[in-house]
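**Student:** Sequence:
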Amino acid sequence: MKKFRKVLDGLTTSSPVNPGGSPACGSAAGTPSTAPTPRELEIQETLMSEHFQICKTVRHGFPYQPTALAFDPVQKILAIGSRSGGVRLLGRPGVDCHCQHESGAAVLQLQFLINEGALVTACADDTLHLWNLRQRRPAILHSLKFNRERITFCHLPFQSKWLYVGTERGNTHIVNIESFVLSGYVIMWNKAIELSTKTHPGPVVHLSDSPKDEGKLLIGFESGTIVMWDLRAKRADFRIYYDEAIHSVSWHHEGRQFMCSHSDGSLSMWNLRNTAKPFQVTFPHGKTQRDGRKESCKPILKVEYKTSRNSSEAFVVFSGGLSYDKAGRRPTLTIMHGKAITVLEMDYPIVDFLVLCETPYLNEVQEPYAVVVLLEKDFVVVDLTQSNFPIFENAYPMDIHESPVTCTAYFANCPPDIIPVLYSIGAKHKKTGYSHKEWPVSGGTWTVGSQTYPEIIITGHADGSIKFWDATAITLQMLYKLKTSKVFEKPKSGDVGRSAELVEEDPFAIQMINWCPQSRIFCIVGISAHVILYRFSKHDANTTITSLEVRLQCEMEDVISPSDTENTPCFSDPSGLSPQPQPPSPRSNTPDSVRDSIPCLKVKDRMIRMPPGYQAELVVQLLWVDGEPPQQITSLDLNSAYGLLALGNCNGLAVVDYLQKTVLLCMNTLELYGSADPFQRLTRSPRKNRQSTSGLTELSDNQVSLDLERSKSPTSDHVNGHCTSPTSQPCPTGRARVPGGPEGPRLARRGPGRPPFRKAQSAACMEVSLPVSSLTEGYPSRRAMLQQLHGVSMYSHDEHHITTYSWSERESRENSFSRSRSSSVSSIDRETKEAVTTLQFAESYGRKSDTLPTPCLWVGTSLGLVLIIPMSIPTDEQERQEDHVTMAPTGTVLMLKGSILRFAFLDCGGALINSPYEVWRDQHAPDDPDRPRKRKLVNFSPSSSQEASGDGHLAVVCSERQAKVFFMPSQACLYVHNITESSFVLRADVVSVCNSVCLACFCANGHIMTLSLPSLRPLLDVNYLPLTDMRIARTFCFTNGGQALYLCSPTEIQRITYSQEMCDNLQEMLGELFTPIETPEAQNRGFLKGFFGGNAQTFDREELFGEAAAGKGSRSLAQHIPGQGGMEGMKAAAGGVVGELARARIALDERGQRLGELEERTALMMASADTFSKHAHELMLKCKDKKWYQF
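Sequential numbering of the sequence shown, starting at -14, is according to our numbering.
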């Protein structure tokens, strides 16, 4: 426990003020505050560095770019390998584990040691790995690196410790799973084929032992050659040379015949009694043409041949094989059962599939019950026990990426009733037609941990959809889905071309999410410069959606001059009380150069039936101005107690009263300062309407400061064409003349091929404050990085599946760098780049002279400036619905380095002050005369908070480079911490950890840092995650309880913790992958079958492959690498004699490795000596018969 004391005497009057009236730092213009301040501030900080540790917890979603699939039929655990070297292990819901190969090489193949709790992975770097699954965090026990040959196929027989490995050269090697070393037994390709064969058979594409005799190994080569190798006799029993290339082979369980799939779309059946030719060749999807030939078909990449007791007909399941002439057909999985052929069309290409069977023994009737199909972007399980082959409802959250994720939000410790309510509403919209059987992948065990609290993750997507997920106890389950696109009209068929000019490929893409769990009010920001506000209701309703249109666009070249003011007289329009006409629609016959006062999207203007759940109430859209599209919204905040919504972009700030459906404030960022502008910049007006037929309506009260009146243009605020002057004077909406410029329409600046939304500008304007001392790795400037961060090009899935979400990559890159300017820009240039980067409603002090907190809006800009705007909000419910809310910028300015990212407020005891909120009430519930529905507000009344907040509070302000703690209302800066000089903060949040609060930051250089509050002591600084992908920067977010998440790939969410307590309890929270299960006994084959069919159990592989019989494998061919991680895990888990034996085994392995290296060096020296001796002998023979004079 450490106490921090800060003497505040005299600080309120000691801040220097420059002659222009702007503070040097941390002080507002005006007289010093006379508000009472405490003599001494005592805050006990309990957080120490020991409370923090970074650790990955769980990964959700579909494995990105999957490559391989495997299943343990006894443990019922599924494994999926990916191109990036990851392995996902899935069991029953809650059993979900992610492993990662350090090399990052793609996983080519997976092989379970069935019912042994182990997994073998073969990677593209020609390395085999053995994973131990008997611990909650799987680890590698052994690795074997092949040096001279490339691995193409692996096969591990059931209950065998010898792994067959086929290579690209056509050789087959054998690996001992226990020691993970090569056997001396090798099947060379030239021994497998006949000596008369003149061509190489190609890589090994299949290996399997015969179900009838385990001593026979079937080897399939890519060229079409098939060899049955007798392991005992070390010779080939038979060889098959087929014309078509082979992709896969599958045995009948009796071992008398097998089936091959080929590159021409055919299936061939072979009988061991006659291998001269196949006894059956079929083209399942190939029709016979008129000339008698089969039409050409695509390759059948994999086939599985399974038998069933209940039917004499076998199941044949294969992928591919469609005819080439059917262009545009989706990938298919075909199920043949007797004469019935069922073709299942898939949404994505098939990567791999497996038929799940009841028995692990290959020589028994297989009894298939399901097919697991791994697609490029989905995971499907088909029920084979029903004739219509329905699919199972997926037990895992595999559809996070159904539409590309564009933003995320993470809420911990939510109200306990919110999850059941969302689930009950979402369950009504679930799809039907699924299989009624239990989910077949049911391995492992998982129980809810003791320390659980409600958690919700919200994802926003490129198609405008919103998904709510239950993230309690490191699981993820879909709760509710909301489609924001339903608010807008669909473009008519004749308007498609016109709409394409106005909007992008994804005009509804979500950029920001704001949710108040207590009031259940939900708000989103879309890419088309629109904001939608939703309220939650358990009842359906027929309502209309209110639409407000805000003209928030600044003319960069127009500087207010006296002549402009004189030439723009105010007058009264007699049509001011007339109904508002609709703005021109996007399809109006208006050329791009003069497209004006129209939104990007058209809101439905009719009565709409809304189902239970979130129901749209208000849409706010920014308008086009003079052919220029609206800039994207960069900040948003909503407060349910105040009934206010604030939004900002690089042009200015707008505040909306969503209870009265009016716009209270719409101002240029520069005009918010008044005379307190720290840079003493010239006032510039927003763009004026070219021509407006709308009347003039007064939307704000006249209680505005004198500074604002002097600086604000009377035509600066426009909503639906209305003038919203703070002085309440009617004025024209015509466009002011540009001094010295041509009159008439301004030409559109948008060049051909560029999208209407200039994301780069709104993002680049955030980098104008200070010179960047050193650039972030991978980006020439922070400006270029932000260009990519806010660009919609990030919505594309990946470099392999590019979708046109923005203009071309080349132009995007050029825009990024062309907007980079030197740091020595003038103040006139800088102010055109100032954006509103963060907003926060709070009970605070707007002036130094305030003695009690009042509702305020804190505004942070990209120049590192903080403005405080106090508000006057009626407290009575009836007055709130009728009277106007007044806002009066006071000129209070605080300064930091870099763009402002986050605000938070602490009381004088160091506890976090939560924003006021309204308790949720269902507005569409049936009226109850006994219980009238009134607004119930929490933490809103100033009178009730005098004791708690009358002595002031602390304001925590974090920018991209710096954090400061101010004491309010004196505005004295108590603590300052420079977070980073060489990089910049991407995300900052004030979160609660271990019954205290701290400031958590994620930097562009990958560092995760936590700072104590209020003293800003560094508690944690870990280089966790280099910013290799802009997706991480866009989706990283912290939450309470020491948790955070980010999108680690286009399809996966990675959750992490920075709390030591959660790291310690993580083992308890994770599921167990391995559960002790008795291996099922093999069926009694009967005397006759055993006598005539041969007994495979008598085959002893140890006698053939062991070191005594086959010798040691070549050390130069493959190098054994012990897995240190797995050994350390075993050391930690083991105790007593077992632990000592494990450590001795590790020491022996290390000693054996060193001896092996010594042996290799000795062998090299001997080879060198032999070569030298040979050359010396040749030289002696050459010179032996020569005379002395011949030398």
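If you are wondering where the hints come from, they were derived from the structure by calculation, not from laboratory data.
Fair warning: this is a prediction, and the values are worked out from it, not measured in the lab.
Check the hints yourself; a few may be wrong.
[What the hints assert, rightly or not] Derived CB-CB ranges, DEER-like:
{"no.": "1", "residue 1": "K272", "residue 2": "C40", "range": "55 to 61 Å"}
{"no.": "2", "residue 1": "T836", "residue 2": "N379", "range": "18 to 24 Å"}
{"no.": "3", "residue 1": "N259", "residue 2": "S181", "range": "45 to 51 Å"}
{"no.": "4", "residue 1": "S296", "residue 2": "E474", "range": "28 to 34 Å"}
{"no.": "5", "residue 1": "L1140", "residue 2": "N379", "range": "34 to 40 Å"}
{"no.": "6", "residue 1": "P405", "residue 2": "S308", "range": "48 to 54 Å"}
{"no.": "7", "residue 1": "A910", "residue 2": "T529", "range": "31 to 37 Å"}
{"no.": "8", "residue 1": "K272", "residue 2": "P405", "range": "39 to 45 Å"}
{"no.": "9", "residue 1": "Q85", "residue 2": "E330", "range": "43 to 49 Å"}
{"no.": "10", "residue 1": "K262", "residue 2": "N379", "range": "41 to 47 Å"}
{"no.": "11", "residue 1": "P1065", "residue 2": "M1150", "range": "52 to 58 Å"}
The beta-carbon is built from N, C-alpha and C at its ideal position, and this holds for glycine as well.
**Student:** Is the hinted range of 45 to 51 Å satisfied by the C-beta distance from N259 to S181?
**Tutor:** Check failed, 21 Å falls outside 45 to 51 Å.
**Student:** Cβ-Cβ distance between K272 and C40: within 55 to 61 Å?
**Tutor:** Holds: the Cβ-Cβ distance is about 58 Å, inside 55 to 61 Å.
**Student:** Is 39 to 45 Å a correct range for the gap between the Cβ atoms of K272 and P405?
**Tutor:** violated (55 Å)
**Student:** Is 34 to 40 Å respected by the C-beta to C-beta distance linking L1140 and N379?
**Tutor:** violated (51 Å)
**Student:** Does the Cβ-Cβ separation between A910 and T529 fall within 31 to 37 Å?
**Tutor:** Violated - the Cβ-Cβ distance for A910 and T529, about 19 Å, lies outside 31 to 37 Å.
**Student:** Is 43 to 49 Å right for how far apart the beta carbons of Q85 and E330 are?
**Tutor:** violated (33 Å)
**Student:** Do T836 and N379 keep their Cβ atoms within the hinted range of 18 to 24 Å?
**Tutor:** violated (59 Å)
**Student:** If I claimed the Cβ atoms of P1065 and M1150 lie 52 to 58 Å apart, would that claim hold in this structure?
**Tutor:** Once the Cβ atoms are compared, 54 Å apart, the range 52 to 58 Å for M1150 and P1065 holds.
**Student:** Do S296 and E474 keep their Cβ atoms within the hinted range of 28 to 34 Å?
**Tutor:** violated (54 Å)
**Student:** Taking the Cβ atom of K262 and the Cβ atom of N379, is their distance within the range 41 to 47 Å?
**Tutor:** Given about 44 Å between the Cβ atoms, the range holds.
**Student:** Per the hint of 48 to 54 Å, is the separation of the Cβ atoms of P405 and S308 within bounds?
**Tutor:** holds (51 Å)
Of the numbered hints listed earlier, those contradicted by the structure are 2, 3, 4, 5, 7, 8 and 9.
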